[in-house]
Amino acid sequence: MFEPSNLLLAVPALPLLGALLCVAFGSVKELRKWAHVPAVLCAALSCAAALTVVSNIGEADVHFPQDRTGEPISWFSVATATTKLSADFGLEADQLSGIMLIGITFIGTWIVVFSIGYMHGSPGYPRFFAAVSLFLASMTLLVLADNFLLMFAGWEGVGLCSYLLVGYWHDKPSAAAAARKAFLVTRLGDVGLLLGSFLLWQMAGRNSFNYQFIFEKAAEMVNAHPYLFPAACLLVFSGAVGKSAQFPLYVWLPDAMEGPTPVSALIHAATMVTAGVYLLARCAALFTLCPAVQATVAVIGAFTAILAAYIALTQNDLKRVLAYSTVSQLGFMFLALGCAGPVVPSFAVTAAVFHLFTHAFFKAVLFLSAGSVMHAMHDEIDMRLFSGLRKKLPVTHLAFLCGAAALAGLPLLSGFWSKDMILESALEAGESKRFGTLYYLLFGVAITTAAMTAFYTFRAYFRTFWGPLKMPEGAHPHETWVMNIPLLVLAIGALAVGIVAEPFTHWFSHFLGHAKTLVQADAGRVAEHHLNWPLMIGSGAVALLGIGVAWAMYAGNSQSADNLAKNLKTPYYASLNKLYVDEIYNVLIVQPFLMIAGFCKLCEAIVYDLVRLVAMVPRFLADLIRPLQNGLVQFYALSMAMGLAAIVGYLVLVAK
Amino acid sequence: MITISHYLAVGAVLFTLGLIGFLTRRNLIVMFLSAEMMLQGVAINFVAFSRHHGNMHGQVFTLFIIAVAACEAGIALALFLSLYRKKRTLDVSVWQDLREAGIDETTDAQPLTTTPEDADPILTKAGIAPKRPLEETNV
Amino acid sequence: MRPSEAPLILLADTTDNALNWTVLTPVVAGALAIWYLLPSPQKRPLFGGAIAGVVALAGLAGFLLQGLGQTVPATVEAILFFGFAGTAVLFAALMITNPNPGRSALCFAMVVLSTCGLFLLLAAPFLMAATIIIYAGAIIVTFLFVIMLSHQNGPSNADLRSREPVLAVGTGFVLLATLLVGLQRVYDNRSVESVISESIQLAASEKVDSEYLTVRKDGDMGKPVELTPRAKSFVSRSKAALARMKLAAPEPGDKALGWDIRVRAAENAIADLERTPFKDSDMDAIRDDTMTIAASLTYLKRIREGGIPHEGVTLSPYGQVRQITKPGDNPESFAEQPPEARSTPVLLEPDPDLKMKKMPSANIAALGRVLFTDHLLAVELAGTLLLVATVGAIVIAGGRREHPR
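Protein chains in written order, with this note's numbering: chain Y, 1 to 656; chain G, 1 to 139; chain Z, 1 to 405.
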């Protein structure tokens, strides 16, 4: 019963059960306000199961079904005369999945607890918890799947839940539009992922979608298909780009902030958006074989990082600042992933996953704090409307400060260590022969971005919690324990998880380095773990510089910031208007599609009107005789008698 | 000699007049009476054939007609009462809700002002006796 | 009866013309009268309707007297019949034309009473009593109560109007005309009778009447026979009479009745006559043919009028029971005969001794016996139906107390 293998199945199954129970609770009126109970219980149990499973990952991975030599559990299979496509249901927890599982279930549980307070009294309360539980089930399925197809099922499941939760307030037009945008934009990448998966399946001999099976054939595939293989990798990467909001498909994530804040924290900061990072880490064995693809990944990551950071500099919406910051941090992770190859893959991938892990904590705490602020400020999130809240919301202030410091990369905090590893891998990659200069450039970009990150994070912090006390109409600042406890727990995580896990013990990288995909990618190379003191001092200084500038500009009055904005109008407005990316997309993509759609609509209207014209004929005929049906009983009887008289009269009098 | 054909002719006339009454008159009760008159015409036919064939089956049939007519009368009266309670009239044209959607209601051109010159005798309504106020006895 | 002796009958001859004055008069006048008298927003003087009504009643009487081919002697039965029938029709017309529903109900009571008189004439005293008790006694009185409860201010707007009077009256009277014409077709056999009597006359005479005699000139030898107009008329009327007999036959093709044999014999005889020049030398052939025609038509007519019993044993109109076949003198030769000949029916005459004497007193007992033997199940079903109707009426009408307004 409590075999690790069965517990592995319980990890996605429990939240699924929770989702069903939430739906059941929602259908009973008296139970609606208790709909959080199954969600919290199942999430907590799932977390416990996940921790047990991870503690059992040693030399051997945990599998479901346990016996791998037996017949696999078939999900579905399609057979033609020559080929058989069989999709199997199999779960596998290795070190990489384990790290992801801990992040997902632990942070997810606390966020569900936070939601009890945040969503209290909101219409559709059970719907929220059902969707969140379903999300947890899909996300755990995504990371536990041992093959591409099952992973894709989870991948689409989280997309669906994201859609449902972003559009949670579906009667709000902006929320509905944001949900649709999120779904459609990520869908572009998903198509690439599916195509890439099938391309890999084909190149690997059309036998199995299993990761292990495909990775073992990676070297053969590169030799056999020198161009097709990188193309497949790029297609898989496009899926990651969509899901993890990288340029050019990042535009959905800031809009996704229309959803409830716990959703932003859980899905759009801590877990779902990191699915792309997980995917590339999982496929490190493939990607390291294509240096050009890796360079592309790194470039896109770095470009996204600085682009989003630049936009985040001037945003006034607290949640949007955090959203762009998420995009930016994800860019960091991709930069690290792109460095695998030039540097020892296990080191670069560990950097990315480590940043993913710490980022999940501090971004969750930041979002939840923002949610707490929003809850207190009567659903108002524009930083221009409030300030000086540190006295009114002491716990929130503390949690936000922890998260902001960690995100800014303040020395010794978790963000500092993980970002440091990324910078280090970029720097190290610069020493490689092939794309060395490029990686040096990317290092420069990254360190600039780090400074900007520190600046905009503390800009948001100072504007919200410092300065004169200002609140919008109708705000009544309050904090409840059900929201505070998750904040504090996650804040502690944000502060401590970095220093505990990696820099001195190297526990994290040792643990992750044993993942099979990384062992294969390393190909015998051994990562050196050392503390790069100049880099650490430099990045710490950069972070302090950013914080200092923010303090100088926003801690007191923001006169200097306004002056700066007036002097630098063009860059200021470019940043404020998100570099006009949405507008460019609108002109280049949306409008042409709308024109095609309009043409189709015109064609349809013609056909439709033709059909209607045909339908008009019987309608017109019916209109002629409809008045006969006048509802008068006597008229009906008269019609009957007239018919009788006509027939009998004809037969007797006329026909003889 | 009065043969069966004479009776059949009379039955036919009664049947036709009943039919016309059913089709034209708008009072539910008169319509019902007209239908009963059609049945009378048919009953004459049956009895005449019974006589013609010299057996009793026609008369038996007429007896059943009377039985069915009695049932019909009971049900019809009950229906009329409940219909009358709803709309306070016995006009059959009031009930035309089953007409095709969008067709206007059939109404009379100009309402007639009826003179109550030949009013029927009025019966007081039977029912629960009204409560009388208790008189104070000053003894 | 010779046609020359009855000019009225010629007028009423229905063989060629379906709609004739005996039908048209009551129908047209009656339609006019009913349309005129039906309640209408336009006040019409009563006078015009009354005249049309009287004409219609007179026309109906004319139809009954002349249109059905029966001579009606002025017996007590006839007088009573016309009295009851006239009252019934008159009050039926009044019932449907009176705007006051209360008076309509009373008129209907009169219709029921007159109908009961007709029942009595038809030897159905039990039905008379039952109808009076149930209709006049129960139903109409209940209806009068409903009318009085609901119509407290005289005739209402609806009672003073009619729904589609022209169409309804037209439909009704077209139907009536159809029914009357049908009755004429079936029961007016005067043209057949005239053919029978003419053929008997032809057969009885010593030599051919000059009107039928075909005079052959020299040189006509090779030409087909040319009949005189009188002879032609006789042949064509014979054909028509036969066709009329074939129309609406009770059991066409019934071998037991010998229907087909008679029809075929008459057809052959007529065809023979058509080919035969009416000459003195052919008198024997003519006599044979005309006798065949007369006998066949008489026989067919009797079958149609119910005078020939069916299937061995039957009740004649006056209650006689007779055997059809008789073995004759030699039973063995009878057995050798074909079945058609064996079953040759015997023409029956009403038994003067039995004539209607026992009927009234035996009626109720006979009705009871039939009810509780042949129709027992139906009686039980009718009783159940009455019970169900009682329950239904109570449920429909009695459920709610009327709320005072």
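One thing to keep in mind: the hints can contain errors.
[What the hints assert, rightly or not] Below are the DMTMM-like pairs computed for lysine to aspartate or glutamate, each with C-alpha atoms no more than 25 Å apart in a straight line:
#1 K181(Y) <-> D317(Y)
#2 K43(Z) <-> D91(G)
#3 K181(Y) <-> D379(Y)
#4 K516(Y) <-> D171(Y)
#5 K246(Z) <-> E267(Z)
#6 K43(Z) <-> D97(G)
#7 K87(G) <-> E164(Z)
#8 K33(Y) <-> D317(Y)
#9 K87(G) <-> D97(G)
In short, the hints are calculated from the structure, not lab data. Computed from a prediction, not measured in an experiment: that's the story for all the values here.
Now the hints, each set against the structure:
For a cut-off of 25 Å, the pair hint linking K181(Y) to D317(Y) stands: about 19 Å separates their Cα positions. Distance hint between K43(Z) and D91(G) is fulfilled; the C-alpha atoms sit about 21 Å from each other, no more than 25 Å. In summary, the hint linking K181(Y) to D379(Y) is supported, as the alpha carbons are separated by about 23 Å, within the 25 Å threshold. Between K516(Y) and D171(Y) the alpha-carbon distance is near 47 Å, which puts this suggested pair outside the 25 Å criterion.
Taking the CA atoms of K246(Z) and E267(Z), the gap is near 11 Å; set against the 25 Å cutoff, the hint holds. At roughly 31 Å between alpha-carbon atoms, K43(Z) and D97(G) are farther apart than 25 Å, so this suggested pair is violated. Distance hint between K87(G) and E164(Z) is fulfilled; the C-alpha atoms sit about 23 Å from each other, no more than 25 Å. Distance hint between K33(Y) and D317(Y) is unfulfilled; the C-alpha atoms sit about 31 Å from each other, more than 25 Å.
For the hint linking K87(G) to D97(G), the alpha-carbon distance of about 13 Å falls within 25 Å, and the restraint holds.
Checked against the numbered hints given earlier, this structure breaks hints 4, 6, 8; the rest are met.
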